[in-house]
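Peer 1: Modelling step: build the complete structure from the supplied sequences, incorporating the hints.
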Amino acid sequence: MNLKVDGIEVAYGRRRIIHGLSLPELPAGSLVALVGPNGAGKSTLLRALAGLERMQGGLSLGGRDLTRLNAAERARLLAYMPQQLPPGIALSVLESVIAALRVGNEPDVLRASFEALARIGIEDLAEQSLDGLSGGQRQLVSLAQLIARKPQVLLLDEPTSALDLHYQLRVMDCVRELVREHQLLAVAVLHDINLAAACADFIVVLHGGQLYASGAPAAVLTPALLAEVYGVEARVEQCSRGRLQVLVDRALPRVRSGRYR
Amino acid sequence: MKISLLRRACALPLLLLALAGSAHAVEVTDVLGRKVDVPAEPKRVVLGEGRLFFALALLDREAPFQRVVGWQNDMRLLDPHTYEVYAQKYPAIADIPLIGQASEQSVSAEQILALKPDLAVFSIAGEGPTQHSPVADLLAAAGVPVLFIDFRVHPIKNTRVSLEALGKLLGREREAQEYLSLYDRHLARVTGAVADLPDAQRPKVFLELLAGVWQAPGHTTGKSGLGGVVEAVGGRNIAAGVVPGAIGDVSVEYVLTADPDVYIATGNRNPGVLLGAGVDEQTARDSLTKITARPEFAPLRPIRAGQAHGLWHDFYNSPFNILAIESMARWIHPERFADLDPQATQAEINRFLAVGLDGHYWIDATP
Amino acid sequence: MSAYLQSAGAPALEAAALSYRRLLLRRSVLVGVLLALLVASVLADLASGASGMGLGQLLAGILDPDALSATERVIIWNVRLPYALMAVLVGAALSLAGAEMQAILDNPLASPFTLGVSSAAALGASLAIAYPLAIDWLAPSGQVTVAAFVFACLSVLLLQAMSRLRGAGVESLVLFGIALVFSCNALVSLLQLLATEDVLQQLVFWTLGSLARANWEKLGILAAVLVVLLPFSLRAAPGMTLLRMGEDRARSFGVDVRRLRYASLLRISLLAATAVAFVGTIGFVGLVGPHMARLLVGEDQRFLLPASALVGALLLSLSSIASKLILPGVIVPVGIVTALVGVPVFVALVFRRGRRL
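Going down the list, the protein sequences come from chains A, B and C. Heads up: the first sequence is residues 1 to 261, going by our numbering. Heads up: the second sequence is residues 262 to 628, going by our numbering. Heads up: the third sequence is residues 629 to 985, going by our numbering.
Just so you know, these hints were derived from the structure itself, not from any lab. If you're wondering where the values come from, they're calculated on a predicted model, not measured in any experiment. From the three backbone atoms N, C-alpha and C, an ideal C-beta is built for every residue, glycine too. Keep in mind that the hints are not guaranteed to be accurate.
Part of the chain B face toward chain C, derived, beta carbon under 8 Å [stated by the list, open to error]: (1) 367; (2) 370; (3) 505.
Peer 2: See the structure below:
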């Protein structure tokens, strides 16, 4: 099922965050990275897609108008993963996934929860308390909660920030495999341009609340874009293994008008 | 026939006994206007506050504790010297069961009930249960009569009512009347002389409560309690229109601007004015000097003229408040009341008490 | 099969299911133990008192009332039974309200006391004490209770209205609650300043909180409130558990957070307002009860809510006993005891927190 984003506007009072943003159809079975500098509106857009922000505009999934759905119906189709699991929750890993399912109509909650854990490969953590886990493990638990609900669209808000290298890759690899296996659509806000380049099928670049560019990583990530959007002088090259790498050389000085030279 | 005759024969003495018993049944009206009746002379009395005991001391003169089966601990805590003096004469008072420490919250209703009192004596305000307290309702449910007295909120009006009612209930009307005739006489002497005094002839009085002990200077009273006494003896309480409630703090500036003619500090312990049982004159005077030496009120006229006065703080809730009334009258209208002699009154009161008031209960800065 | 995505093998699932069921069983047993402790505490509370009447005497007296003197009857029916039962009901109500507050306001410091419900109740009561109205069918004492209740409910409504304001998150709610505490306390102090002696004494007495104001009517009302509201709390429990893991997460999973919060605040106001209106300000139970319960049964609200109620009831029941026994014949105000009893137990539990769930 493809996601269509058409002329989305999000405002906080008089302050507009997202200005009339439209995207080309995002196909199922792909991982889309939302990138851009701070304040570009990436998280806001993601939250708007999740139904957590009031928005104007068109949003449809497989032809179905999402804006007309109530929260419960929307929750069956889309699932949003916040940046972190809050600390200090006195629940076990299994319990936290069960809790995610209890608010739905899942008949066999225990089985579905355990299977979600197994799918992500953390079933051995089932009895452990959330408190004792590392940041990376907690993100995997978060992910398990998400997929236990069997949504069509995964919306991940900076899933890899504050994670160490191993878990950054592991989380994104996991997402990619889920996306492939179940033909899901995953939209992830990523801070790390290289991570985005490495794992995304599709990159959407936001700048100042508007769409700056979108497309395959190789097409989108150009030195010109990086200079304009991020204010850095960078090279985009293929490494010895054929992977796209963004190599940042220096920060560009800012011209008086506020744009980068 | 025989049986009914026998019955009638028994009935008569029973009837007489019943009548005799009901002759002991007494009804009085307490300070709240409630009718309180007891079927027979109370032998087991519970006091809502320990210091209500002083009223009993005036009535059960020989053995003032004979009826007290329970009381709060406030007398021991707040006036330890007086307590010690009594304890020496009546060691058994150490064993009187406590019904609370020194506050309404600490009173145990169950303890009162367990003591099986036939009369409970409470003050309408203070540190014990009042008429709004659930304890009063519980006692009513258990059939224990409760008498409300008051030496605190309206001392001028209620001291007489309280002692009269209590005396009547305890079968001590004679003793009550003996004290009250002294009280009334001395009170009338004062209030009569200043009854219709216009404002212009009423000296301005600043009555500082617990001077030096309270956290800030200027702690005083409004219209009730000792403030009411000031008015009754022909003075004008400078705080009367300012302090909205029972007690409050007025600012130093206000006092200085009001320029009172008379300054009275109350106290009962260090570091304030030291007065009360066992205190000698010099100690009392020295403590008053320390109080008047405070820079805040040093500019006041009476203090500069060396004419400050100290008064025992606990007169604010005591049947012996006539001494406070007389002292204050003398200070406020020295010419009118030059003949008043509170010392002599104190000696007269001591005739009514097994343990007399020994010590100094008021002091002048200049003898 | 991929490196990460595996299917659950049947034996692994069995093992996990077993372990989970054992966990649930353990929790249920803990709740059962709490209930048993509570019953024991109530019996001990009934058995203690200045008159020395023992449990046997008391029970005999209940079965055969005519064998007792009027005093003994009053002690049983007007003192011991109401105080003991009121402790249980008030403790349960305050702690349950506190647990829900901590869940929906996402703040471990939330409780009826810290968010101003108690202070608002005190203000209402103080106004009614200071300015009683001449109403035929409602005595001044009844006016005080009603005023306390109304003000407590108003404070929760105010909190709810605040939460609806654009941009107001849970932090602003908590700050507003704290502001409410201070302003209500200040107004009560102002009333005290203006009060005559006997009004002043009533004001001070009311704000200190006391089980001595218990009677059977109040018990009935509070019991009814608890019995009616607890099922609704339990029904909202799964949504609240999810809410504890983040509002966005919960909303995205289909929880109607707004409605959840609204209904919860309604329950909180009824529970807290009724409890405080009947016994005055008793702090600490609503704050600590849920925390202690959480250390015992975890964050699953299906267990945490009833456990909080039980812990709160137990806490206040034990405090009631202690308040009678510390000084013979003298009552130590129960609010002081809850703090003294609660703090060391709480600290001890916190230090043992390293253990597994």
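Peer 1: Now, for every hint given, state plainly whether the structure supports it.
Peer 2: Taking the hints in turn, this is what the structure says about them:
Restraint check, residue 367 of chain B versus chain C: the minimum CB separation of about 5 Å is within 8 Å; hint holds. A distance limit of 8 Å between C-beta atoms decides the matter here; for residue 370 of chain B the minimum to chain C is near 6 Å, and the interface restraint holds. For the restraint placing residue 505 of chain B at the interface with chain C, the shortest Cβ-Cβ distance is roughly 4 Å, inside the 8 Å limit, so the hint holds.
The structure is consistent with each of the numbered hints, conforming to all of them.
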